[in-house]
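So the sequence lines, in the order shown, correspond to chains A and B. Taking this note's numbering, the leading residue of the first sequence gets 1, the next gets one more, and so forth. Taking this note's numbering, the leading residue of the second sequence gets 1001, the next gets one more, and so forth.
No wet-lab data here; the hints were simulated from the structure. There could be a bad hint or two in this list.
To be verified - Here are some chain A residues the structure puts well away from chain B; computed CB gaps all over 10 Å:
| id | residue |
| --- | --- |
| 1 | 2 |
| 2 | 7 |
| 3 | 10 |
| 4 | 25 |
| 5 | 33 |
| 6 | 38 |
| 7 | 44 |
| 8 | 46 |
| 9 | 49 |
| 10 | 50 |
| 11 | 52 |
| 12 | 55 |
| 13 | 60 |
| 14 | 61 |
Unchecked claim - The list that follows gives simulated cross-link-like pairs (lysine to aspartate or glutamate, EDC-like), each with its CA atoms no further than 20 Å apart:
| id | chain 1 | residue 1 | chain 2 | residue 2 |
| --- | --- | --- | --- | --- |
| 15 | A | 37 | A | 24 |
| 16 | A | 47 | A | 18 |
| 17 | A | 47 | B | 1141 |
| 18 | A | 47 | A | 21 |
| 19 | A | 47 | A | 24 |
| 20 | A | 37 | B | 1141 |
Note that the Cβ used here is the ideal one computed from N, Cα and C, for glycine as well.
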Amino acid sequence: MINRIRELRGERGWSQADLAERLDVSRQTVNAIETGKYDPSLPLAFKIARLFGLSIESIFEPEPQAATPMVSRHPME
Amino acid sequence: MSASGWWEAASRRVPIAGWPAWARWLAVALLYLWLFAGFWLMFKGSQGIRLLGLAMFAAGLPLLVHSGRILMRERSRLADRRYVRQFMPAMLLYMVVMLYVWPLQQGMPPGWLKTATVLSPVVPIIWVIWGSICYVLASDEMQRLQHLVALAIGVSVVCVASLALGFLGAARMIVLNGSLALMMVYPAICITYGVVRCVLVWRARSE
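Based on the provided sequences and hints, a complete structural model is requested.
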């Protein structure tokens, strides 16, 4: 999942710790979400969207899918 | 002001979070050295030295919780402060019981008093476990996931190690002290859980 949290946080001049405090999570969690290491749950994603006054889909978007074949083949083939 | 409150205030006055990483690690290493020195004095010294060790250990206990936050530049949350308030007195009580109450059972005749004295260290440990459960339940969603993974790996490692030791003991290749082995289960889980959690936190915080 790609997100714009770092950008939105920067626009407001908040540190990771500031955002963590507003969301009632740890700074570590904010950092992991920003760097794409952790995808937040739906309730936390809604909380983030509400905090920034935006919709979820304008903050989070799925990573572009790599081109994969429609039919899976046996690895030995 | 409580000990944890004092530490919070001291942390604000000494801007440790603004120090470079090596200085923060060094400060925490020195503080842990202090803690272990106190622990060592408690079990090695005379009566007066033991009390000094107990005081050093008590003063160093908040570090167990707060040092991690200093390293990660985390602000202390309500759950952290509550955990310190539960963990500190429980560990201190455990040390006092182990130093001054448990040895009393040696001269006692079998009976309820001896049973109560022998089992007395379990009470503060239950208090510690209760504090840990409350802490995990108050953690945020990613931290809960880390707790779960760390506990699963930690318990698995301890299970495999105890199974291996059990087989070696059953084949009489090693001599095991059953009481000691059982008493080491909880500390072993704590250590393996702690190590795995450190690795998970380190991986999550790298930018």
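For each hint, the structure was consulted:
no.: 1; hint: 2; result: 16 Å, holds
no.: 2; hint: 7; result: 15 Å, holds
no.: 3; hint: 10; result: 14 Å, holds
no.: 4; hint: 25; result: 4 Å, violated
no.: 5; hint: 33; result: 8 Å, violated
no.: 6; hint: 38; result: 5 Å, violated
no.: 7; hint: 44; result: 6 Å, violated
no.: 8; hint: 46; result: 13 Å, holds
no.: 9; hint: 49; result: 16 Å, holds
no.: 10; hint: 50; result: 17 Å, holds
no.: 11; hint: 52; result: 18 Å, holds
no.: 12; hint: 55; result: 21 Å, holds
no.: 13; hint: 60; result: 15 Å, holds
no.: 14; hint: 61; result: 20 Å, holds
no.: 15; hint: A:37 <-> A:24; result: 19 Å, holds
no.: 16; hint: A:47 <-> A:18; result: 15 Å, holds
no.: 17; hint: A:47 <-> B:1141; result: 13 Å, holds
no.: 18; hint: A:47 <-> A:21; result: 12 Å, holds
no.: 19; hint: A:47 <-> A:24; result: 10 Å, holds
no.: 20; hint: A:37 <-> B:1141; result: 13 Å, holds
Checked against the numbered hints above, the structure breaks hints 4, 5, 6, 7 and satisfies the rest.
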